[in-house]
Structure formats: structure tokens, C-alpha cells
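Asker: Sequence:
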Amino acid sequence: MEIPADQSLLVVLASANRDPSRFAGPGSFDISREDNQHVAFGHGIHYCLGAPLARLEGQIAIGSVLRRLPEVRLAVDGGELEWRLGVVMRGLQNLPVRFTPGGRER
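Add 326 to the 1-based position in the sequence shown for this note's numbering, that's all there is to it.
None of these hints come from the bench; they were simulated from the model. Predicted model, so just to flag it, every value in this text is computed and none were measured. We put the CB at the ideal spot given by N, CA and C, even for glycine.
Pairwise CB distance ranges, derived in the manner of DEER restraints:
hint: 1; residue 1: GLY389; residue 2: SER334; range: 41 to 47 Å
hint: 2; residue 1: TYR373; residue 2: LEU335; range: 21 to 27 Å
hint: 3; residue 1: ILE329; residue 2: GLY412; range: 19 to 25 Å
hint: 4; residue 1: VAL365; residue 2: GLN419; range: 22 to 28 Å
hint: 5; residue 1: GLU328; residue 2: ARG424; range: 50 to 56 Å
hint: 6; residue 1: GLU397; residue 2: SER334; range: 46 to 52 Å
hint: 7; residue 1: GLN419; residue 2: SER347; range: 27 to 33 Å
hint: 8; residue 1: SER341; residue 2: GLN419; range: 17 to 23 Å
hint: 9; residue 1: ILE388; residue 2: GLN363; range: 18 to 24 Å
hint: 10; residue 1: VAL391; residue 2: GLY412; range: 23 to 29 Å
hint: 11; residue 1: ARG399; residue 2: LEU335; range: 39 to 45 Å
Please build the complete structure, drawing on both the sequences and the hints.
Answerer: Set out below in C-alpha cells:
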């Protein structure tokens, strides 16, 4: 596609990992997804130096919740979740969950 010299162009990086031709179910959160060659932390010389720390923090946080609250579930239908709209960052407004109080750590 050729873009004329006098036109503006907006590159939306937030859409990069949501390409249905690259990812099956791109709108689904699937921690078991295989062949997950996403660009969430950039690529090449622009790769995020903090990526290993962010991955470790995610593993610790999600692992801790699942160990301590093994019965944690969404409190609403997934279609009812409200998303923040933006071209830079995509995320939930809130994440309502249900769990059994006093869950034991495994």
C-alpha cells in the first residue's frame, strides 16, 4: 500500500498481538497457547530490557493466586467484562472474580 506524502499515518501497536491470521482466538486470554510469538515486549534492538522481570512477576502473581485460590472463577460472563479503550494500552476496567474464602495454599 502506498501512502501519499501529505497524509498522516497512525500505527497502532496494541493491535499487533490480536491478528486473527497469526493467533487462534486472539481476543482470548489463554496461558497455555502454544506458538506464542507475540511482540508485547518489542522486537530486535527495541526489545524491552525489563521483559524477563515482567515475565517473572506475572508467573509469581498468577501462580500465587492459583495456589491460594484454586477455585477462583470469573464472577460475570466473559462478554460482560469492560475494557479500557486506547491505542497504546489495552486492559480491563476491573476483573470481578469469585472464590472460596480461606483457600489453602498447595
